[in-house]
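*Asks:* Sequence:
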Amino acid sequence: MENNTNDLRAVSIFINAMSNHKLSKADILLLNYLMMKYAGFEQGKNFVINQSKIAEDFALKQPNVSRSIKKLVASGLLKSEGLNTFSIDMK
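So the sequence shown is residues 1106 to 1196, counted in my numbering.
Bear in mind the hints are in silico, worked out from the structure with no lab data behind them.
This structure is a prediction, so every number in the text was calculated from the model and none was measured.
Check the hints yourself; a few may be wrong.
Taking lysine to aspartate or glutamate and the EDC-like style, the derived pairs with C-alpha atoms no more than 20 Å apart in a straight line are [to be verified]:
(1) Lys1175 to Asp1194
(2) Lys1130 to Asp1194
(3) Lys1175 to Glu1186
(4) Lys1150 to Glu1186
(5) Lys1130 to Glu1161
(6) Lys1142 to Glu1161
(7) Lys1142 to Asp1194
(8) Lys1166 to Glu1186
(9) Lys1150 to Asp1194
(10) Lys1150 to Asp1112
(11) Lys1184 to Asp1194
(12) Lys1176 to Glu1186
(13) Lys1150 to Glu1161
(14) Lys1127 to Asp1194
(15) Lys1130 to Asp1162
(16) Lys1175 to Glu1161
(17) Lys1142 to Asp1162
(18) Lys1142 to Glu1186
Can you build the whole structure from these sequences, using the hints too?
*Replies:* Here it is, written out as structure tokens:
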């Protein structure tokens, strides 16, 4: 039962962050991509982001990827751990 409570809490935090920080569809898609490809669905796992590679994968311009990353960090869903190093933080 506690695991379900934690899952619901994480979803609630995510929804609040989306609403409070006005995350765009592109921001949410990028976060999902980062969770799946880089973080392996693990909270707190550090990973390095290659913005040019992500832009290429999504057929976006690199500045758009950079803007989305900044918004995700500002929302608290993505945590900067150093130069191009991040972790997912949905606590």
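*Asks:* Now look at each hint and say whether the structure bears it out.
*Replies:* Going down the list of hints, with the structure as the test:
no., hint, in the structure
1, Lys1175 to Asp1194, "holds, 14 Å"
2, Lys1130 to Asp1194, "holds, 19 Å"
3, Lys1175 to Glu1186, "holds, 13 Å"
4, Lys1150 to Glu1186, "holds, 10 Å"
5, Lys1130 to Glu1161, "holds, 18 Å"
6, Lys1142 to Glu1161, "holds, 15 Å"
7, Lys1142 to Asp1194, "holds, 16 Å"
8, Lys1166 to Glu1186, "violated, 24 Å"
9, Lys1150 to Asp1194, "holds, 9 Å"
10, Lys1150 to Asp1112, "holds, 17 Å"
11, Lys1184 to Asp1194, "holds, 6 Å"
12, Lys1176 to Glu1186, "holds, 15 Å"
13, Lys1150 to Glu1161, "violated, 24 Å"
14, Lys1127 to Asp1194, "holds, 18 Å"
15, Lys1130 to Asp1162, "holds, 16 Å"
16, Lys1175 to Glu1161, "holds, 18 Å"
17, Lys1142 to Asp1162, "holds, 12 Å"
18, Lys1142 to Glu1186, "holds, 18 Å"
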